[in-house]
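Engineer: So the chains spell out like this:
Protein chains: 6
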Amino acid sequence: MSIVSRLNALLDATTAPLSVYAHCDLPCGVYDPAQARIEAQSVKATMEKYNASSDPDFKVRATIIKEERCELVKHHLWVLWTDYFKVEHLKQFPNLHDLFWMATKSAGDAKKTNDVVVADRLLSEIDAIAEIFWATKK
Amino acid sequence: MSIVSRLNALLDATTAPLSVYAHCDLPCGVYDPAQARIEAQSVKATMEKYNASSDPDFKVRATIIKEERCELVKHHLWVLWTDYFKVEHLKQFPNLHDLFWMATKSAGDAKKTNDVVVADRLLSEIDAIAEIFWATKK
Amino acid sequence: MSIVSRLNALLDATTAPLSVYAHCDLPCGVYDPAQARIEAQSVKATMEKYNASSDPDFKVRATIIKEERCELVKHHLWVLWTDYFKVEHLKQFPNLHDLFWMATKSAGDAKKTNDVVVADRLLSEIDAIAEIFWATKK
Amino acid sequence: MSIVSRLNALLDATTAPLSVYAHCDLPCGVYDPAQARIEAQSVKATMEKYNASSDPDFKVRATIIKEERCELVKHHLWVLWTDYFKVEHLKQFPNLHDLFWMATKSAGDAKKTNDVVVADRLLSEIDAIAEIFWATKK
Amino acid sequence: MSIVSRLNALLDATTAPLSVYAHCDLPCGVYDPAQARIEAQSVKATMEKYNASSDPDFKVRATIIKEERCELVKHHLWVLWTDYFKVEHLKQFPNLHDLFWMATKSAGDAKKTNDVVVADRLLSEIDAIAEIFWATKK
Amino acid sequence: MSIVSRLNALLDATTAPLSVYAHCDLPCGVYDPAQARIEAQSVKATMEKYNASSDPDFKVRATIIKEERCELVKHHLWVLWTDYFKVEHLKQFPNLHDLFWMATKSAGDAKKTNDVVVADRLLSEIDAIAEIFWATKK
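Chains as they are written, first to last, in my numbering: chain A, 717 to 854; chain B, 717 to 854; chain C, 717 to 854; chain D, 717 to 854; chain E, 717 to 854; chain F, 717 to 854.
If you're looking for bench data, these hints aren't it; they were derived computationally from the structure. Hints should not be assumed to be uniformly reliable.
When chains are identical, the list treats them as one kind, so a pair holds in a single copy or across two.
Said to hold, decoys possible - The calculated lysine-lysine pairs, modelled on DSS-like cross-linking and capped at a C-alpha distance of 25 Å, are:
#, residue 1, residue 2
1, K807, K854
2, K775, K760
3, K775, K807
4, K802, K854
5, K821, K775
6, K853, K802
7, K775, K828
8, K807, K853
9, K807, K821
10, K854, K821
11, K821, K802
Just need the whole structure built from these sequences, with the hints factored in.
Structural biologist: Here it is in structure tokens:
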């Protein structure tokens with residue numbers, strides 16, 4: 717996409733209300749990888765706060781919250797994988813299954829550690845999924 | 717912000733992975749009005765699919781799903797109102813309380829109807845909240 | 717209301733089954749601030765038990781449970797604010813928004829501490845809301 | 717209890733903040749049958765609104781909501797039965813098990829009908845449980 | 717049951733797909749004590765992993781997860797007690813109420829300890845319930 | 717496995733308490749495809765009851781419940797796919813991803829119909845997964 721068309725697309729996106737997408741299994745046709753990414757950002761921020769703290773109660777709370785947020789990442793990714801993607805997408809992107817499998821495994825791994833490297837890996841896996849997602853929407 | 721810096725910011729946002737924000741009440745500091753908007757988009761799409769269908773079972777499913785999605789809109793907005801916004805924001809945006817109150821009431825109204833006018837009102841109320849939100853992040 | 721009519725009202729309330737109110741967003745017209753207060757009582761009791769214990773596992777459990785109970789307080793208050801209260805109530809009680817905002821923020825604060833002062837503040841904020849609620853029911 | 721002591725108790729209850737109780741399985745020691753009763757009131761009100769309506773979508777929503785509220789009644793009663801009541805209570809109130817079994821079955825029955833007779837039966841079963849509960853708190 | 721008929725039954729069970737049962741309160745007529753047992757197995761395994769670990773974060777996670785799994789055990793048992801069992805079953809198995817009461821109390825106790833004796837007691841109580849359950853299905 | 721060892725294994729399984737497996741993402745190492753199958757059985761039974769009924773309220777309830785049970789099937793399958801299965805299993809069973817993808821899609825399809833053919837397809841897909849699962853446990 718040229719710079720000009722990227723600029724046009726971006727300006728359209730800013731004059732219009734933010735254009736975002738989700739799911740509902742009706743299906744309503746609304747999906748957006750942003751749902752998984754938002755929770756994954758939260759997972760990473762929680763790890764950082766955990767690492768910066770020396771308060772044991774705070775660390776317990778960070779662990780509780782990280783557990784929940786990782787689960788939400790997994791849920792949003794699973795929904796996208798099963799509900800949005802179709803056989804024709806798989807043909808075009810044959811690594812689709814592996815991408816989702818590894819990303820949801822990373823979300824599980826992020827429960828077990830406060831190493832932000834794991835959160836960063838999760839975020840980049842979600843970004844790879846998002847790239848495919850948006851490619852299929854064109 | 718000048719047009720040039722807006723363009724720069726937008727281009728940064730596209731070369732970087734999508735930059736989105738959420739919450740976790742740790743607090744992790746990650747919030748994003750997109751969470752409410754995604755569900756509200758789903759509410760609107762569900763209404764449209766309801767209106768276009770003559771299958772009673774499908775209409776029941778649409779009603780079940782709309783009920784859930786409206787509740788999620790309310791939840792995401794409530795979290796943003798209570799957890800993200802601070803006293804200094806309220807001073808700067810004195811209509812903040814009313815905006816959230818009306819938007820969450822619209823999400824409740826959207827449970828009771830399939831009139832997309834209500835979903836559109838909800839979406840524009842969320843956009844008004846998002847505008848304030850992003851203004852406070854600068 | 718005179719003492720006599722208060723007594724009559726109270727005796728009516730005891731000869732009748734306990735008269736309590738809730739919500740369901742139908743709306744069914746049943747609401748009761750007691751739902752938030754019960755969970756807030758639980759938050760306070762959990763803090764007290766945490767403070768009296770020296771067992772680290774028990775303290776972790778207390779933290780997990782307090783996290784959930786605070787969330788329930790917030791939920792019940794949010795529902796009351798959005799679903800029960802109407803524009804005419806706001807005119808009569810112009811501090812309504814601030815009361816709910818501060819009370820739900822206190823419920824969030826109670827996640828972050830085991831200082832019962834915070835739980836007591838939360839309880840008194842809920843009582844202030846309950847007073848307004850019951851005034852509107854007359 | 718004499719009328720005088722009933723009045724004294726009632727006046728105490730009104731000068732003090734509303735005294736209510738819940739659970740958390742810590743155990744925090746806070747329980748209250750009001751939680752089940754509030755939801756059962758909502759079940760009854762939902763049935764009444766269902767019966768008064770001729771709007772099929774409203775009836776679907778009433779059915780969805782009643783399903784949820786009945787489940788909440790069951791949950792609150794189960795918690796009370798398992799977590800609050802002890803062997804010594806059972807000795808004093810040997811019909812305790814049957815009372816809870818029948819009440820939770822009534823909550824299940826209330827899912828299957830809009831006959832308010834079932835909701836009234838459920839409410840009176842909860843009142844019988846509440847009477848025993850408060851007797852054990854003396 | 718003779719060894720031969722036990723073998724026949726077992727071979728039937730293996731040539732057919734695994735025959736399992738659940739609930740849905742429609743009622744759909746599908747129930748299975750395995751749902752409670754699976755979660756109870758998880759409770760026991762979590763205790764064992766907790767006891768074998770010296771990592772404080774892992775122990776926090778084990779505590780969070782055990783809390784959830786114990787709650788699921790309680791839920792599955794409560795559903796079975798209220799929804800599946802009927803008055804005629806109670807006549808045939810008069811200790812039914814006590815069995816469920818003690819088993820759900822054990823599930824609550826298992827939240828408060830990492831002593832596998834409690835998990836083993838819970839498992840054997842679930843097995844006693846399962847035996848009655850399968851006797852009523854004949 | 718020889719007939720004799722199968723018999724021995726089966727007899728061991730019956731003298732021991734029922735041996736079942738679940739998950740908890742600790743990971744506790746307890747998993748069992750029975751969790752998905754139980755809910756799928758419920759989906760099928762709900763369809764059958766829907767088809768046999770002419771009561772519109774009952775049909776609404778069946779639709780609500782089927783929606784929930786299908787979601788539970790999906791959840792249990794997703795957990796198994798992401799948490800239990802490892803890279804070495806995928807090598808041995810290269811159709812693993814497709815099996816889970818199709819099965820979770822079938823669970824989504826079962827929300828949209830009362831045709832038991834879809835429930836039967838879902839059940840046989842779960843059985844195929846279970847066969848692989850148990851093969852990996854040997």
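Engineer: Does each hint fit the structure? Answer for all of them.
Structural biologist: Outcome of the hint check:
For a Cα distance limit of 25 Å, the shortest separation of K807 from K854 inside one copy, 16 Å, qualifies, whereas the shortest one across copies, 34 Å, does not. For the homomeric pair K775 and K760, the shortest alpha-carbon distances inside one copy (14 Å) and between copies (21 Å) are both at most 25 Å. For the homomeric pair K775 and K807, neither the shortest alpha-carbon distance inside one copy (44 Å) nor that between copies (33 Å) is at most 25 Å. With identical chains, the CA atoms of K802 and K854 are at most 25 Å apart within one copy only, with a shortest distance of 15 Å there and 34 Å across copies.
With identical chains, the CA atoms of K821 and K775 are at most 25 Å apart both within one copy (23 Å) and between copies (21 Å). Within a single copy, K853 and K802 get their C-alpha atoms as close as 12 Å, which meets the 25 Å cut-off; across copies the closest is 31 Å, which misses it. For a Cα distance limit of 25 Å, the shortest separation of K775 from K828 qualifies both inside one copy, at 13 Å, and across copies, at 11 Å. With identical chains, the CA atoms of K807 and K853 are at most 25 Å apart within one copy only, with a shortest distance of 15 Å there and 32 Å across copies.
In this homomeric assembly, K807 and K821 come within 25 Å of each other (Cα to Cα) both inside a single copy, at 23 Å, and across copies, at 17 Å. Taking the shortest alpha-carbon separations for K854 and K821, only the inter-copy value of 23 Å comes in at or below 25 Å, while the best intra-copy value is 28 Å. With identical chains, the CA atoms of K821 and K802 are at most 25 Å apart both within one copy (22 Å) and between copies (10 Å).
Checked against the numbered hints given earlier, this structure breaks only hint 3.
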